[in-house]
Every structure is written in structure tokens, then in C-alpha cells.
Amino acid sequence: MSAPLLSLQNLVLSFPAESGRTAVVDKVSLEIARGETLALVGESGCGKSLTALAIMRLLPKPGRIEPPSRIEFDGRNLIELPVPEMRAIRGGAIGMIFQEPMTSLNPVTAVGRQVLEAVLLHQPLPRSAAHERVIELLQMVGIPDPRQRFYAYPHQLSGGLKQRVMIAMAMAMRPRLLIADEPTTALDATIRAQILELLRQLSATTGTAVLLITHDFGVVNEIADRVAVMYAGMIVEEGSRRELLGQPRHPYAQGLIKSVPRPAARGGKLEEIKGVVPRPGRWPPGCRFAPRCPYAFDRCETELPQRTAVSPTQGVWCHLVEYEVHA
Amino acid sequence: MSSLSNAVVVCLLIGAAWLLRHLWHDRYWRESGLQLWRRRPLALITLAVFLGIGLMDSIGWVGGGGGEDDEVAALRSRTLIDRLFQPERFTEASYSAPLAAVSFYGGQPLKYPGSHLLGTDILGRDVVYRALKGIRVALLIGGFTSLIVIPIALLFGVSAGYFGKRIDDAVFFVMTVLASVPSLLLLIALVMVMGRGTVQVCIALGITGWVHFCRIARGETLKLREAEFVDAARALGVSDRRIIWRHILPNIAHLIIITFALSFTGLVLAETILSYLGIGVDGSWGQMIDQARNELSRTPIVWWNLTGASVGLFALVLAVNMIADALRDIIDPRTRREGQ
Amino acid sequence: MAAYLIRRLGYGLMTVLGVLLLLFVLFFTVTDPDDIARKAVGERARPEVYAQWKKNHGYDRPLLVNRAYAASDRRRYTDTLLFDHYRRMLSFDFGNSDADDSSISRRLKEGMGPSLSLTVPLFVFGLVLGVLLALFVAFFRETYIDRAALVVCMLTMSIAGLLYIISGQYLIGMLLKWFPISGFAFEPWLAARFLALPLLVGIVSGMGADVRLYRTIFVEEINRDYVRTARAKGCGEARVMLAHVLRNALIPILTNIVITIPFLFTGALLLESFFGIPGLGSLTVEAIHGNDFSTLRTMVYLGALLFIAGQILTDISYALADPRVRLS
Amino acid sequence: MSGAVGRRGIMIGLVVLALAGCSNDPYPSADGNKKILYTSFSEAPKTLDPAVAYTTASHLITGNVYDTLLEYHFLKRPYQLIAALAERVPAPEPHADGGVSYRFQIRDGIAFQDDPCFALSQGAGRSRKVVAADFAFELARLADPAVNSPLAGSFAPVLGFSQFAERLTALRQADAAVANLPANVQYARAGGIAGVIAHGERELEIVLSEAKPQLLYFFAMPFTTPVPWEAVAYYDGRDGREHFADHPVGTGPYRLASYDKQYRMVLERNDAWYGRHALDAAPGSQFPGEIDAEDIASRAIDAGYAGRRLPFLERIVFVREREDIPRFNKFLQGYYDEGHIVKESFDAVVQNDSLSPQMAARGMRLDKTVEPSIFYIGFNMDDPVVGAAAGERGRKLRQAMSLVIDSKAYLELFLNARGVPAQSPLPPGLFGYDRDYRNPYRQPDLARAQKLMAEAGYRNGIDPANGAPLKLSFDTPNTTAQALLQYQFYVAAWRQLGLDVEINASTYNQFQAKVRRGAYQLFTWGWIADFPDPENFFFLLECSNAQSKSGGPNTANFCQPQFDRLYQEMKSLPNDAHRADLIRRMLALLEAERPWIELFHNEEYALSHAWVVNAKPMGLSYPTYKYMDVKPELRAQLQAEWNVPLRWPLYLALILMVAVTLPAVRTFYRERQ
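Chains as they are written, first to last, in our numbering: chain A, 36 to 362; chain B, 264 to 603; chain C, 12 to 339; chain D, 19 to 691.
You may find that some hints are simply not true.
[Stated by the list, open to error] Capping the alpha-carbon separation at 20 Å, the derived lysine to aspartate or glutamate pairs in EDC-like fashion look like this:
#1 D:K426 to D:D454
#2 C:K120 to D:D257
#3 C:K120 to D:E260
#4 D:K532 to C:D43
#5 A:K96 to C:E248
#6 C:K188 to B:E558
#7 D:K567 to D:D400
#8 A:K96 to C:D45
#9 C:K66 to D:D254
#10 C:K65 to D:D162
#11 C:K120 to D:E184
#12 A:K96 to C:D236
#13 D:K489 to B:E558
#14 C:K188 to D:D342
#15 D:K94 to D:E260
#16 C:K188 to D:E659
#17 D:K230 to D:D342
#18 A:K96 to C:D157
#19 C:K66 to D:E184
#20 A:K96 to C:E153
#21 C:K120 to D:D278
#22 D:K532 to C:D45
#23 C:K65 to C:D43
#24 D:K567 to C:D45
#25 C:K188 to D:D43
#26 C:K66 to D:D193
#27 D:K52 to C:E198
#28 C:K66 to D:D162
#29 C:K188 to D:E341
[Claimed, not checked] Per label pair, the in silico range of CB-to-CB distance:
#30 A:E53 to B:W287: 51 to 59 Å
#31 C:R18 to A:G242: 50 to 58 Å
#32 A:E78 to C:V162: 39 to 47 Å
Hints listed in this document are in silico derivations from the structure and should not be mistaken for laboratory results.
Beta carbons are placed, not taken as given, at the ideal position from N, Cα and C, and that holds for glycine.
One chain only, chain A, in its complex shape:
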């Protein structure tokens, strides 16, 4: 396994709260290999979007990346990088698309010119060459007659088309990593499949690694190579798609997968996980899922579980699994 493209080590993100600052993302470690599509899954509020923004060092103002976090990308720690170099990476080596295509484009500028800006920011091309490059990009993401659509304004395009423009913008400089923060959540079903297919195909053809943030296992099943499940600011289980969807070991992962409605399970009772996700700052001492975990026992309440490898590619942060493996 060559060195990973991106590796997060003990990433801690803190936000101000009533009493000083509290961690929202707590010592998350994660790796993405070149060309690999990793899905980061979890309920809303578990900190997955913030992790993505932290990689781009675009954490919203009051948030801060606390030491000893390290974000290694291509061997360099992005946290220590001086601002101009970080800016070169944003939109250059790493591209990002967001959940709300409706509001993510500048409403008063033509879409073509917004993509043009993404190109010219990193590569001083003569205007005509850059223009052609944008047309090519629009074609690549499947936008019909790109020459006319270059001059269209965001309010004249559908949600799907706008997300394609976002993707074109993110892929402008052939990034080595594309971060997609719930790219299809706001789209309706038919468009969602097209966008996912586009992402999969782009990743395949350009070798771009994709960090896919989602809460929908359907999406994971579509295009993810590996999966990591996040709960209350921590990763609780990671592994290949087959392993995680096939035999999830962490009780929370199991609960999540069971609660996905499948046609096959028609007529059966829908599974649901009792209780509510604890808010940052009010996390229980030991394993954070303990209060809702049917198998919780005394160690779970007191001690934070460490990673236990259940296969070369699958790891679980759960005392029960640790017990089963070592027993």
C-alpha cells in the first residue's frame, strides 16, 4: 500500500461554548489512498462536514484546529502550510463541492465566468485558452451545449445542472482529491443517480480520490470503496464497503444499516435506535454510544474504546468487539 494521499491524525476541532471551548471533533484519524473513494457516514451533527472543511482550512470563524492535529496531504502537513501555499491547494490539488447547489453559486455572475475564475486563479492562461478549457470542463460534467450555457446565470439552471457546474469548478485543475459534502442530499432521486454516476466515472477516469460526506447508506452503496462511520465527533468503525455493509461489527453501525428501509423487508417493523445523539460538551465519559448501546457493559461507561482491527482493512472502536477478538 503506497503512502496514503491524505491522512488525518488525531484531528481535534474546538468551538466556543458556555464554559470555554469544547471539542466537536475529537482525535479523528483517517486515511484516503490515491484514486480511492472513501465515504464518511454519520447522523447530522456528528462533525463530518466540519472535518471536511478543516481539511480545506475553511473552518467557520469561531472554530479552531487544536494541536496535536495533523493533516498530511502528499507528505505535507496542511495545518502548518503558509496561507499563499494553502490557497494554491484549495481548488488546485483539492477540490470541494457542497450540499446546496441552489445557493452555492454567485447569483450575479454567469456560471461560465465562475468556472473561468477557478481556472485563472491557479493557471495564468490567455483568456481564449481558458475559455476553451471551461467549455471542455462543462462538457466533461455532462452539461448540454456548453457554449451557450457559459453565459447562463445560476437562476436559469436546474439544481442538477448547478451541481454539475460546481463539479466542473472543483475539477478545473484536475485535483488529486475531491471532497463532496452531501452532494446529492438536496437533489431528487433521478438526478441523484446521475450525479453519483458522474462522480464515479470522473474518479475512475482522472484518478481523483473522493472523500464523500453523507448520511445516506444508499449513496455509500453506489460508489464508495471504503467507509468510515462517525458518531459524536469520533470514528467508530471503518472498513471496505463490502465488509461494512456485509458485516458491520460496531453496534451503532449495525443499527444504522438495519434502519435503512429495503424493499425486501416490506411488512417488517422498521428498526430504530433509541435515544438521541449527545451534543458536544455533554459527551459521556466512556464510549459515547454506551447510553444507547444494547450491549453496553461497565467498561463502556468508563473507558474510551481504542481501535481493534478485525481484518486488515476493517477496524472497530468497541470494547465488546475488542473482547471478542482477544478472547
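With chain A held as given, fit chains B, C and D onto it using these hints.
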């Protein structure tokens, strides 16, 4: 005149008490009130002091009080502030510096050495007393005008917004015409035509200020008319009048309060311009400033008249501005809804 | 776009007619021409002199209907104050001032130059400085500059315009002697020297409210999603502010300019009369003191025309700035 | 780079403002060394038509552009008429039927200033000689109702004056087209004024139906200046041309070069003026020969100018200044050559009635002249409470109210003692004024006033009818805050008597409406003399001029048959002992009746800088610019000395601005992600 202003003061107090009790029970307003207190305690205290002095200055009666030797004053209704300062006796010959023992020109000893906190003006009247008298006038201009304006603006604005079509066109046309004339010029024309005096100036300020409120009320009603809960109420067969009273007005209330607070300061500052043009209200800060504005170039400089009026004006306007600013964040539904 | 423009102009014309009706009621039905005559001619003249003056100034005709003419005769309705008022105002024939019989349109032409040389820079500098300062403060949002700026804005907003002028004239004019205390000159380089102090005072007094308003607009825009996209593209903070945020913020700023145009008028009025600039503002102040109703009527009318033109201009620029409106 | 944009923008803005010429010299530097006099005016002239112009503001221009047959001697007091356009001051020639006539011989070689309007008569020529008919034309204009001259009434004694006016009006009513004809054609058609005869080109005879010596004074006022009919015809305001009221054409020493009432008026020297090349020494064109020592000692007059030909100044610039304070401060900075002292800075300029040391050190001069004027509070004699109808009670009330008004205190408080407390309507310097006369009811005496109140039935101010203090209304058209202070002074004085006087300041038209309806009790007014004669003051109290009867200037509606008889008798007498006795009896009557509370006679304090020569004022609102001169080099030097701008606060402000923003910028960059 005194019995009328006493009656008005009593009504105001009773009305305010009833409103406060009613609002205190409503959790939404109580919470907003507490939040406002936490954010702007100083401004609220200043405003309360000003309101207190303003009310004290409105309650007056004839006779009684400190052994008056001036028959004319004895027979005129004197307010609590008058009784506190005894203006007839507490005057000097002419200018005297703050807390001075001798008069500013000529150095003769004063009748009340060292007791004029901000000195006296050209006629020897105590500056602090005149500044305090200015409070009631400012509150009248800011408050009284808005009290005339808000009901009318609501009536027209809401009915225009709600019933639409002909009423809306008519009201909108009148609004645009009135709004097209620069407010100061319209103000000047109105006062020159209606003559001077507190009531006339307030009515003139009302007519020019009315448009602002009406536009907001109309805009908000248009928005609310489309809201689902209004459709739902109409579907249940609720009469238009009740819908307006129960649904639309409460939702506009917060906007009206914010606009009232913002326009209050605008009105008080506008009066200073009117006083400069000679058509302001007697006894107002604007008039004090206008009388004092040439005193800056006296050598040695006579600064206390200008300071007295300016500090009073500045403190009231700043306090109301601060409160309006905080109110806008606390009870503006847009920020509030995102807050929850 | 053209249809929108025509409809807007049509409505503007309707408003102008409405304003003229308001002026007619205010200046003709409520005031008594005899008093105007007496003031213009002076107290010592003979009664028939007043009648003569009223005749010269056309105040002697009936208000709405002139019964002197037969019912069928067209002049029954045209030889009246109302018709004459509309005809002259719409054809910009303002006649003579009530105070000293000088032609109002000539005095307007004389006053136009100084007034514009004050109000235009006041508007432009005020807007540019306001936006720049607001950008600067929004750029440093959540630092002490932002908090300090807000407090300063709140304080400057609460001071009456009159006080700014008085203290400004005293401090800069008399003590520091940087600029002439008051006065005007038509030679451009001298005019600049005269206009410096009123402009400085005018801008500073209006700055507080503007900066606070524009800062709120900028901060609101900064929190929008497209700004996050721009940053993700690799835009630097300055480029985000100038290329993206400023362009989008122009739309709400334009709508608020309409509200500031009338205050521009009042500001100019005060500045002109205090600094002795022979513009339309001081002409109006003189009309007030001199009870010169015809000049005052003309000034209010022109003020309204300017305001309506301003509104139409702002709507058009609003459409130009916002493609969503332009193409609808 | 990003943070600097905002900061740099502000810096540039400030620097530009500073560099916009950090000097406060309001005049183009090119005019530095020319003989130009800079002065200011606050009230714009309503009109410059000599037949109508009546205010001091318009007199500044008409007094210089128009010459008159007679003039007042610049230095002699009391005022003395000398010949100007006329060769000598005519003596009255009585007629058999009681009438009188004056013959004026017009000086030879007098021409009008150059003006395009003379193309009407001279074809190519731009000027023409003055003839007697030009004077007749102006007198006819005074009678013309369309010109609407406020002084038409005063010329009634001229034979055929009013008949001419009636013929003219009849002519115009008969045929409306006549009104569009040039004025001189209309007057010829109406047959001219019987009592105004032009004998040839150089003799004008004026015939009066009854003796009126005061009429001669009118020939020293611009009302009777020669006016070219071409100017009146040409400047009719049509197709771009100005009105005659804005474009004066006269014979005077100065020409009106530019005229913008809101901004600036400029007079240029008229090189074709008769005085510059008159062969014999015309008194009107020469500086007076003998100058008394006192004027020379006080540097009011420079002896070196005795007998020299006038005028000396090349140009006079009048700058419009609305506010007193900036006007006075510009004078202190040396940018106006003459100025009036502002009440606020009086004590810095005048100490114990002469120039203060610092001002004297600057070389300034102070000139004091008492204006022939009277400011008074009047009672409405038709009012049932304060008027004649209240009989004895009313008189005692007026006397009591008069006794508590202390003019001396008022003058000190509001006008820095600039004025003489008035004992009677007659101001100092007029015939019949007695310096030692003390009006018993004008010396403050509270005790006597209270006794009078009791006798009048208002013991300590209580009105027996309703047991409350007697309520009176004090009406005024002046709504400015400054004026309100002065009225409150009077109210406070009457309060000592227990009277409750309410001030009703209303806009001008409401005040006029009240006056016309007689709905007023107390009012305050002032009057400045047209000419130095007692008749011009007593006519304000004569019954036929009463407001309620003829809408005339007698606002007090004072009608006392005995007073009127004395007035008619005294009116046209020469200034002899008999007239003085009549005046004394009239004053005694006013003393008891108290229709007015005489307040003060205004005193003008005029200041002028060291570089201004012959700055002695003349009074009667007569401009004296043709006698004055300036020293431009001294002016330039002193101006530079007094106006060194303080620049350090500007630099301090800039440094402060940068210092405040720098730390924030640094922390911002450090924290940035």
C-alpha cells in the same frame, strides 16, 4: 392646559401598566424583555430617567409650594420640575459660568453662587433647568407624533395590504406622492401654513413620518396574507376582521415597535433643524442650540448653553438608538426563527 | 426591460401630478395672497398697490372655476389658479419670486451650480467612503476594530447635524484656519477651497449611519454559501470581498440609497445656509424667512422631481445590477 | 494586500482634502495689489430701480451708480445740502397762490454710463448727455402706479402729480395696448406732470401747490436721479434681457459690473464720470477742502486727500454673508476691509467705550454714529384694555408699564450698550431734539409704577373682573430664537407688576392678519428716517396714517385731535423757534398719553482695518465709498501674518488612524487559516 396634561399622564400610566401586565404573562414578550435588559441595561436606565422627568414635568397644578412672591407664577400651573427649580427666583442677571460665584461679565456676585451646575444663559435662567424642560418637549415630539402616526399608518397599510386592489392602489398612490416630497420641505410648508406650536409641529412631523410606517405595514401584510396559517384560518371560515386582529397585527407588532424606536430619534433630530429655520417648538433643545450657537465665538467662550442642550439631546437619542438596535436583534422574527 | 421602464416612467408622471395637487392645496387654498403681497411690497404702501401687485403675480384669479366666463367658454376652467399652476410648473415656467420679483428660473440657474458642486461630491464621497469603511470593518469582523467601529457609528449617529456644523466650523474654520469659514467662488480651484469644510462636515455627520448599514449588509452577504464556494476555489479574502461580496451587496445598497437622497437635500440645505454657499438650499432658507411662497413652491416641486428621478434611476440600476430582475 | 485597500483609501481621501489648498484666502491671488475694497452684505437688495429701492441693502448700489441734483456734505454736521448735478442749491420762490417753485440749473457735460440700451436713441453711440427731461421722466415714474413707488405719497404736494397718475391709469384702462408701449411714450400721451417743467436742456422747474421745505431732501435721494428712458424701455425682461430693476444705468462714479444677489455684487469705477474731468470744481466731485482736527487725529480722515478729485477706489466687491459670526471672523482674519461688530465678540473688541488694546494693536479703527432711528413698543390704542377706550385706567396702565422697562439694561444685555436710551420718538441730531429732556415715564421706578397700577384698579396686577393676573398679548412676526430672548426680557419686566404677558410669535402672514383685524394689544417695531426732519417721525403717530383707518404705518392707531393739529402746523415750517415750541408741546402730549414705550435709538459701531483710508461713516445709510481708499500692500502683508494655518493636528490625526488599525491587521493575519 394643566388639567388636560395631567389627565393624559394618568391615562398613559394606566395604559402602560395594563400593557406591561398583559405582556408579562406572554412568555415571548417576557423573554424578549429580559434579554433586552441583559443587553442594554444602561440605555434602559437612561430612558427610564428621561421618561420619569418627562412625566414629572407634565404633572402640574396651581398654587401651593414654596412661598411664592411672584403672583403671576402662583396662578399658573407649575409642574414638579418647576417646583423643584423655582425658576422665577432661581435666576441671575445674565451669563454665569458653571458653579461660578460671580457673573461671567462684570464679575458681580450671584444671587445663588456655586449652585448653577451648568451656569446660566443670557437671561440668567439656569441651564440645567432648561435642559430638563427640554426632555418633555423631545418626548412629545418623538412619542406623541408616533402615537398619532402609528394607528393611521396601520389602518391604511394593513387594509391596503390585506384587501388589495382598489384600496391598495389608492393608498399606495397617496403614499408615493407624500414620500416623493423631501420630508423637510413638506415639513416647512406645513408648519408655515398651519402656524407654529407643539401640536402643529407634531402633526406636520406626523404627516411626513406617516408614509414610512404605512409602507412597512403594507409590505408585511402582503407577505403575511400569503402565509399558510392565514389561508388555513380563512379556510376555517374566520372573518377577515378577526384574521387581521388575531393573526396579522400581532405579527406586525414587532416591526412596528422597531420602526417606532428608529423614527423616534429621527423626529427629535429633525426638530433641531426646524428650530434653526425658526419654525421649531418653543422650549425645545433645538431652540436652545439655536440660541446658543453663536456663543461659541464669544471670547472667552460661553460653552455651557450649547453643552447643556447637546448632552441632553445626545443622551436621549443614543439611549433610544441603542435600545432600538438591541430590539431589532431580539424580536425580529427573521433572526429569532433562525435562532431557535 | 423596456416595458418595465415605460411602466415605471408612467407611474412617475402620475406621482408628479399628485405632488402638484398637494402643492396646490398647500400653497393656494390654505394661505392668503393678501399677506404675501403685503410682505413683498412692504407695510407702508397703499391698499391699491397690493391689488396691483397681486394682479402682476396672478394671485387675483379664482381657484378652480372662473365664473367670469360663460359656462361654455373653455377659459372658465383654464383662466384659474389651478390650471395656471399646473401649466407653468409642467412647462418649468416658474414666474417671479414673491419677495423681490426676480425671475425664479434665473435664480435657479445661478443656484444650480453651487448646489450641485456641493451635493454631488457629498453623495459620491459619502457613498464611496461609506462603502470602503464598511468593507474595511466587515473585513475585520469579530476583531476589536469591528466592535469599536460599531460603537463609534452609534455615537456619531446620535449627534444632531446642527452640532456637527457648529463645532466643525468653529474647530476647523476658526481655530485651525485650514479652510475659509464660509463663502463660495465660481473659479474651480477657489471653489474647492471653499467646499472642503462643508464636505468634510457633511460626510462625517452622515458617515455613522451609512457605515453601520453597509457593514450589516456585507456581513450578511459574507455568510452566504457562494462565498464558501469562492474560498474553496482558492480566492483570497480580498478577492472574495471585492469580486463576490461587493457585487452582491450592491443590490441592497442601491435600495437604501433611495432612502438617503432626501436626507442629502436637507443636509445640503443646512450646509449651504451655514457655509454661505449661494445654492438652492440657501435659496430655500431665504424663501422661508422671506415668506416667499412662489420660490418655496418651486423648490418643493423640484425636490419632488429630483426624488422621483432618483427613485427611477435606482430601480433601473437595481435591475442592471441584479440579473434575476433584469431578465424577468 | 487585502487589508490595506480600505486603509489606503481613507488616507488618500484625507490627504486630498488637506492639499486642497490648506489656506483660507477666499480671493484670487492675482488681485492682491489692486485698489479693491472688500466688504460684505447680509440682506440682498429687493430691487435696484431708483424709484422703488428703499432698503439700506439696495442703497449700497443705487447710492453709487446714480447721482442726484443735491448731496449731503460728507463731513459737516448737522447735515447740509450741497450742489452735485445741480449748479447750486435753489432757494424756494413763493407764488401768489401760496405755491412755491424751485429752479435747478443742471451742470454741463454730464453723461450716462456706457450701456447697450442707448442703441435705441444713439444708433451706434453707447451713451448720451443728461438733459432736464431725464429728471422729469423719473418724477413721472414715481407717480406711475405700475412702478408702484413707496414714496409716491410724499410727492403729492407737486402740482398735477396725482392728476397725472389718474390720467395715466385711465389711458391704460381705455386701451390695453397702451400698457405695452415704452414708458416715456405713455407718459407723453398722458401729458406729463403739470408741476414739473423742463425749460430747455439744462433747467428743471418744480412747482409745489403748498410750501414743503422737506421736499428738497428728496432731491438728495436716488428717487429723483436722472433715468434714461432707453434703459427702462430696453431692459424689460423679455427674450433674455434683464429687468431694469436688476440693471441700473446712471451717471454715478461707479458702474455695476456684476450682480448675483445670492453671492457677490461688484462695482467698477466709471471713467466717464463728470467729476473726473469737470473743469470747474464741482462740490460733489471733490473731497471736502477743510477737515476738522478731531477727524484727522482719530485717523478717520487722511488730511492728504483734502480737495483731491474723487473717486479713488478701482473696484468695490460686496460678498453675501448670511451669518454674522463667520462674517465677523473673516473681518478679523483681514478678508473684509470693514465690518460691524457682532454682539458675541463685542467685549473682546470694545472696552470702556473705545477700541480694546489687542484690536488697536492691529491698527483697526472704530467709528460710532447714532442712527436717526427709533425702536419702540406700541400699544393698540383701539384695544378696550390698553387703548384710549379704557380712558384714565388705560392711561395709568400704559404709564405703569412704561415705567418698568429699563432701556439701559436692555441695551447692555442684547446690544452691548450700542444705542442711546430713547426719551421720545425724536433721535439725536434732529431739529427739536433736547439732550437734557428726561421723560418722567422712562426712568425705571417700580414703586411709582405699582402705585399707578393700583390707581388703575389693577392692584399688583390682579384683574378685578376675574381675580387673576391681567393677561395681555404681545404679538411679533419675528420667530427666531434670538428674538424670543429679547421679548422674554420685556415680559419679565412687566411680571414685576404682576402682569401676565404672553408672547405670540407667529409667521409673518399670521402676524399681518392679526394687525389688519386689530387683534393685537402690544407690538414692537422700528423706524429709520428717510431724511433728517422731525416730520418723518411724528407722521407715524398722525391719525390719518392710522392702521385701522387707512392701513398706514401708525400701527398704534393713535388719534389725538390736539396732536394732529400741532403736527399739521409744524409739518412744513422752517427750523425756527416757533417750530421748536410746537414740537415741545407735542412731546409733552406723547409723554402723558404713552401710545409708545420709546426704547432706544440705534448706534452703529463700524470697524475698519489699518489699510482703509477715510472710513468715517456718514449715517442716513449713505454709502461713502467714493471718498474712501485702500493700501493693498499693507493688506496683503497683514493678511498673511494673521492666517498661518495650524497643520500639526492633521498629521497627528493621520498617525493616530494608522496606529489604531495596525495591531488589528497584524493579529488578523496571524490568526488567519
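Inset, instruction - May I ask which of the numbered hints given earlier this structure violates, with the numbers listed in increasing order? - result: Violated: hints 8, 11, 13, 15, 17, 30.
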